[in-house]
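*Asks:* This is what each chain is made of:
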Amino acid sequence: MTDNAIIENRAQEVPFSHVLSELLETNVKQNPHKLKTFQGLYGVVGIDLKDIEAAVTLVFSGGRARIEQGIVGRPDIVIKTDSDKVIGLNSISIRFGLPYYFDEAGMTVLRQILSGEIKVQGMFAHPVILTKLTKIMSVM
Amino acid sequence: MPIKAMTQEWMDAYKAAIQADPDYKSIAKDWEGSVSLVVNPEPARNVPEPIYLFMDYWHGDVGDFVVCDKEKADSAKFVMTGDYARWKQVAYKELDATKALLQGKLKMKGDLPYVVRNIKTVNKVIDILGKVDTLWPDGNK
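Going down the list, the protein sequences come from chains A and B. Residue 100 in my numbering sits at position 100 of the first sequence; the count goes up by one each step and never skips. Residue 46 in my numbering sits at position 46 of the second sequence; the count goes up by one each step and never skips.
For the record, the hints were derived by calculation from the structure and aren't laboratory data. Everything hinted at is true.
Far from chain A, some chain B residues (derived; all Cβ distances over 10 Å):
(1) Met1
(2) Asp56
(3) Ala91
Computed, partial: chain B to chain A, Cβ under 7 Å:
(4) Asp96
(5) Thr98
(6) Leu102
(7) Gly104
(8) Leu112
(9) Pro113
(10) Val116
(11) Arg117
Using N, Cα and C, we set each Cβ at its ideal position, and we do this for glycine too.
Use the sequences and the hints to build the structure in full.
*Replies:* Shown next, in the form of structure tokens:
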């Protein structure tokens, strides 16, 4: 981890972790409002991509994050889906500082959540973490 | 008649197919920047040397589509690298490019959020790639 890096990737053996790390780091550094959200995000999020047998845990600690291999501990939120759908989560628009689910990308994700193609454990218990996560992961 | 994959003639055919696609222009209207594909060698599949392909895309238009050297390939805004067999699988739609990226089967250098933001453009050019009548170095299928 370099001095100006904000993500520590401890899941080097999981190729998905490199994509996730680069996506998050670039996205946050390119957008001051996302950086601010990132700096206020504390929580643990697991992402489990069954189809490619890849799972990581993101540990957010206010302006820093680390990625662990596998689902470790008891994450606040666990997202279970397939690799082709996880990218869709990055396409959710942000309007007035909140995720917007009423355009094409948002409706697609909503449908996938309702049909069980995307499972988000902890979404009702930790809505603030989920909202902040969506904001920093959104590339829109 | 099939065209030998990853030759200049094939690149010309690919460019023509993109230009002829009725939906490409509108889908790719926001994309700007060149893309290189680096094909890692696989001598057992009749690809003895790396192959570098450079493609220039600009807001729904297409510019240079050339077989090039490493230096030109590296100059592209986005550089995607993978083994020959992976690229062939992508062309045949046996391997989803996004999934391949997440699995590390393909690697990408460039602004990843930009690519994700424009994933429809990426999927479209891959879709068109599969329509080019191609003769692969190790045979078709």
